[in-house]
Amino acid sequence: QKEVEQDPGPLSVPEGAIVSLNCTYSNSAFQYFMWYRQYSRKGPELLMYTYSSGNKEDGRFTAQVDKSSKYISLFIRDSQPSDSATYLCAMRTYNTDKLIFGTGTRLQVFP
Amino acid sequence: SQTIHQWPATLVQPVGSPLSLECTVEGTSNPNLYWYRQAAGRGLQLLFYSVGIGQISSEVPQNLSASRPQDRQFILSSKKLLLSDSGFYLCALRGTEGSPLHFGNGTRLTVT
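Protein chains in written order, with the working numbering: chain L, 13 to 123; chain F, 19 to 130.
Every clue listed holds true.
Derived contacts from chain L toward chain F, CB cut-off under 7 Å, selection only:
1. Met46
2. Lys54
3. Gly55
4. Pro56
5. Leu58
6. Tyr61
7. Asp109
8. Phe113
9. Thr115
Every beta carbon over 10 Å from chain L, so not counted as near; a handful from chain F, in silico:
10. Glu40
11. Ser85
12. Lys97
13. Ser102
Hints listed in this document are in silico derivations from the structure and should not be mistaken for laboratory results.
Beta carbons are placed, not taken as given, at the ideal position from N, Cα and C, and that holds for glycine.
From just these sequences and the hints, can you work out the full model?
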C-alpha cells in the first residue's frame, strides 16, 4: 500500500464548476499537508499549506484536512480553464523535511 | 523573494554519456536544497537533499550523485547515464524552518 493515494484522473469539468480533489494516506504521523499545482512542463507551484486538521481558504481554493479519516481535499470554486493542470498533494511528519507526494490528479476545465 | 534557476530546460543525452544539471537559488541564505525526479504516473521521488555546503544526503542509491559547492548552488551529476535516468528533474528549496518546499521549473532529460 502506498503511503499516499491520489486518483490520477483525468477529471474533466465545465467552467464554473466546483472541483473536489482528494488524497488518502496511511501514516497517522503526517501533520503538514500541501497542495501543489503543476502546469505541463513546469515545476510544481505551492497552492495551499496547512497544519493538522481543519479548513483553510485562499480565494477560490479551500484545503480541508480530516486526520481522523486520513483524508485531505482541495476544493476549487468557480473553476476556470486556467485551472487546468495536475494537482499534487504532499505531506510530511513534524520532524522531517521529506515530503511524500501523491501521483497527482490531472484536471481539465473546458469553456 | 526566493527564486530557483535550473538549466537547461530540456536535454537529450546518449546512454553512457555524463550529466551535470545545475540549480542556483536567489533571495535566501543557507537554504535546504533538494533534487527530485518525476516520472510519468509515479509522482515525485526525492533523490538528494543538502542542509549546507558539502553536506549531501542520498535517499535512493543509484547512478546519480549530487554536490553543493556553494551555499546557493546544487549540482546533480552522473558519470554514465542509463536509459532509466530519463525523467523530469526538479530542484527545490526550503528557506526557513517549517516553511514549505518551493520548486524550480525543472529539466526534462531524455536518455537515448
